[in-house]
Amino acid sequence: MSAEPLLEVNDLSVRFETDEGPLQAVDRVSFALAPREVLGIVGESGCGKSVTCMSLVRLLPETARVSGSVVFDGVDLLALGMRRLQRVRGRQISYIFQEPMTSLNPVFTVGDQIGEVLRRHLGLSRRAARRRVVELLELVRIPAPKRRVDEFPHQLSGGMRQRVMIAMALACDPKVLIADEPTTALDVTIQAGILDLMREVREELGTAIILVTHNLGVVADIADRVIVMYAGRKVEEAASEELFAAPQHPYTVGLLGAIPRPGERRERLEEIPGRVPAVAAPLQRCVFADRCRYSDEVTLTQIPELRPVRPGHLVACFHPESERVAAA
Amino acid sequence: MGGFLIRKAGAALVVLVLASMLVFVGVRAIPGNPAIALGAENRDPSVIAAVKAKYLLDKPLPVQYGHWIWLAVQGDLGTDQRQLSVGHTIASRLPISIELALLSMLVAVVIGIPAGVIAAVRRGKPSDYTVTVFALTGLSVPHFWFGLMLIIWFAVDLHWLPAGGYVSVHHPIANLEHLILPAIVLGTGFAAVLMRQMRSSMLGSLGADYVRTARAKGMSEKTVVWKHAFRNSLITITTVMGLQLGGLISGIVVVEEIFGIPGFGSLTIDAVNQRDYTLIQGVVLVAAAAYVFANLLVDVVYSFLNPRIRTI
Amino acid sequence: MSVVAQDVEAPLAVGRNRRFRLLRKRFLRRPMAVAGLVVVLGFVIMAIFAPLLAPYSAGHTDFNAVLAHPSSKHLLGTDDLGHDVLSRLIWGARASMLVGVLSTVLAMVVAVPIGMLAGYYRGWLDTVVARMTDVLLAFPFLILAVGLAAILGPSLMNATLALGIGTVPVFIRIARGETLALREEDYVPAAVLNGANDATIIFRHILPNMTNTLLVQATLTIPAAIVGEAILSFLGLGVQPPASSWGTMLQEAEPYLTQAPRLAVYPGLAIVFAALAFNVLGDGLRDILDPRTTR
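Residue numbers (the working numbering), protein chains in the order written: chain A, 1 to 328; chain B, 1 to 312; chain C, 1 to 295.
Extracted from the complex, chain A is given alone in its bound form (with noise of 0.2 Å):
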């Protein structure tokens, strides 16, 4: 692994102005991305994954408070002015949605829309931009892309919308792509094809991605590192491996758990009782207190910091697995 990360996020915390008073989505997160890794984000619907990286490019509406630092290729992405920003958008840095039907513009053509970054971050003219998105729309396994330049996107079914936003988003090489829940709107059936094809962007253009997903099946397949959110917060990070054979937190455990896999007999799926709670300004104690069986007096009044537990596998738990077992 080479030394230099590319991306560096430093106690990045978000805070919504709602009518009903602030909202803290995102506290004190940090994290950093290697070159050429897949990095999954996983947690519940709520858990602040998806706003963690609208923020990292700020793509987040103006009632958000970001504060913290995102360091890329050496400068504060929060910091920068937005012209400068916006050529590391879909140039060095991009994104893609988890609606492919809403978030390609219906007016548009696929030509045009994949186009206009070519013409604008790499200055093609429109014939060079023509035949590159051509290949792009090759790259990405699109049958017949010299017709699907010219059809609009309610012309296509929602795997191929899905590889024409990735086409976009790899149109200008980017050192990052950021897939945001790429398969969820998908048909388990596409969503293979697509981690493929995100295996493939990964193999042959050495692009890092970090991939937010709520299915732990796809990080499984994917993923070299794995962070796991809770309510706002990092409560868990390791390998893939390590995670799926050695999960520390009690909340890793109870996704792990929740998972039926064949084979195994058993009456229940093991649930978490409770719910995500929506939380307005930083909580003075462990997250995951209100519904984890493991609670105790430290955990409702100290916020547990991260920790390794083991080598290379960080917890913000006051009662992790692996010190339970060992006291048991």
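Quick caveat, the hints were computed from the structure, so don't treat them as lab data. Glycine included, C-beta positions come from ideal geometry on N, C-alpha and C. It cannot be assumed that every hint is accurate.
[As the list claims (entries may be wrong)] Simulated pairs of lysine to any residue, SDA-like, Cα-Cα distance not exceeding 20 Å:
#, chain 1, residue 1, chain 2, residue 2
1, C, 73, C, 86
2, B, 125, C, 28
3, B, 8, C, 127
[Said to hold, decoys possible] Label-pair ranges, simulated between beta-carbon atoms:
#, chain 1, residue 1, chain 2, residue 2, range
4, C, 290, A, 173, 38 to 44 Å
5, C, 48, A, 22, 30 to 36 Å
6, B, 310, C, 29, 39 to 45 Å
7, A, 22, B, 7, 48 to 54 Å
8, C, 48, B, 60, 51 to 57 Å
9, B, 300, C, 259, 47 to 53 Å
With chain A held as given, fit chains B and C onto it using these hints.
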């Protein structure tokens, strides 16, 4: 796209037929003897007999209707109180109103659409409030009052522009001089509507996912607003404009009356004041037909702008 | 554990009271809308309490002071027949506001049930309603009013009728659209399973959920109707003398445009302020009820 337009044209035709029936029934519903009404209140028995024969008043209603429609389609809308051909009168006055309508729409589009976009982009800031207040005021001001005020100001006090009347297009400068105040009166009212609709539509577009994608791609804010969001809003605006055309026609009636412009609108007023039922019948029918046709034009424009319709 | 219980419950307990307080808070944050509400109430009070507020009675004339300039005796001057302008304005508010509000209410009473039925049952009923609405829409409202005036004769009630008919299509469309969307909500099949019949579903479940949209539309239609009444009366198709409305005042002022332009200015300003107030109020209401706005 062809299918869409054919369906729209078909629906328009149906509506037009139904509307004409409504007009027909309406005129026949006037209390009193229709022969007297259609014959310009002349009670001379021989005239009444002649009127009855001309309009087939002794035959059953559907036959009367068919007869009327048959003639109307050929351009014969009967003769009015002064023995002038209704069709001819309308044909001579309609172009004037159309010119006024086009000028007004030009004013409205030039003012209203950019203002609406700016208001949406700078939502919550002072320019948004200014635009919104202007728009709401424009909606609240009666055309004719605004017209009267402008007449007092520009024509009476300042003597810059004529207070009324009309000069034909053959003298373009004088023609414009006479039409500019009425066009401003109508245009600003329409612009107010456009402003609000554009703002509302742009706010929707700017909040859409594809705008977020455009920003994530690194497009400049100008591109995001004017290429991505605006183009989508333009589509919704066209449907709205079609609906507002009715307001424009109503406005033309009033404005022509105030500024003394001999167009279709003032013809309507004259017809009502003189209780000239043949004229009223023809005028209302033509007004409805024009409106339906204009809406059909809007549908055509819409089908060009919206790729979903274009590619079917 | 009580601290924990509160954390979990707070987001779930959004009762009607709380929603109303939230809306009120958002409303108060918009000075323009508040101003609109105040002015609207002012005009309503003016209309209702005209006999108490007007310095002179409606028909009072003073032939010694014809076309007089504003003075202490006649705060806004007098018109060509010696009527006190201020009093006529206050009395005129009655007719104008009445026509404005009544025509909208009439339109709603007729249009909303029709629209709801069309949206709920769809099928041939929907097609028929759609065609009828299209036919009504084919006539620009003024042409419609002109036609009605020609048939029925001009009067305040007929003007109200004409304006009401012109407003019906808007409400049919809204009621139909809202019903189409709302009938897909989950509580509809739930209610059916509970044994509710169609009428109950429509009136007890769907209607209350569209009152917001209807209210906003009403506050935006009323000013159009007020302006509409002014147009009709100005053209002689609405309120007939000796009764007065702001529109008839404008009609009477026209011959004296050069001599006493103020006679046209005052009623016009009254119309503008009343309509503007309703429009601003309606605009504010629409804004605070829109789930997309954050403040």
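Here is how each hint holds up against the structure:
Our distance criterion of 20 Å between C-alpha atoms is met by residue 73 of chain C and residue 86 of chain C, whose separation comes to about 11 Å. For the suggested pair residue 125 of chain B and residue 28 of chain C, the alpha carbons sit about 18 Å apart, so the restraint of at most 20 Å is met. At most 20 Å may separate the alpha-carbon atoms for a hinted pair to count; residue 8 of chain B and residue 127 of chain C meet this at roughly 14 Å. For the pair residue 290 of chain C and residue 173 of chain A, the beta carbons lie near 41 Å from each other, so the given range of 38 to 44 Å is met.
Restraint check, residue 48 of chain C to residue 22 of chain A: a C-beta distance of roughly 45 Å breaks the suggested window 30 to 36 Å. In this structure the hint that residue 310 of chain B and residue 29 of chain C lie 39 to 45 Å apart at CB holds, the actual value being about 43 Å. Under the hint 48 to 54 Å, the C-beta atoms of residue 22 of chain A and residue 7 of chain B, about 52 Å apart, fit the expected range. A C-beta distance of roughly 52 Å is found between residue 48 of chain C and residue 60 of chain B, which places it inside the suggested range of 51 to 57 Å.
For residue 300 of chain B paired with residue 259 of chain C, a C-beta distance near 50 Å keeps the hint of 47 to 53 Å intact.
Hint compliance for this structure: hint 5 is the single one not met.
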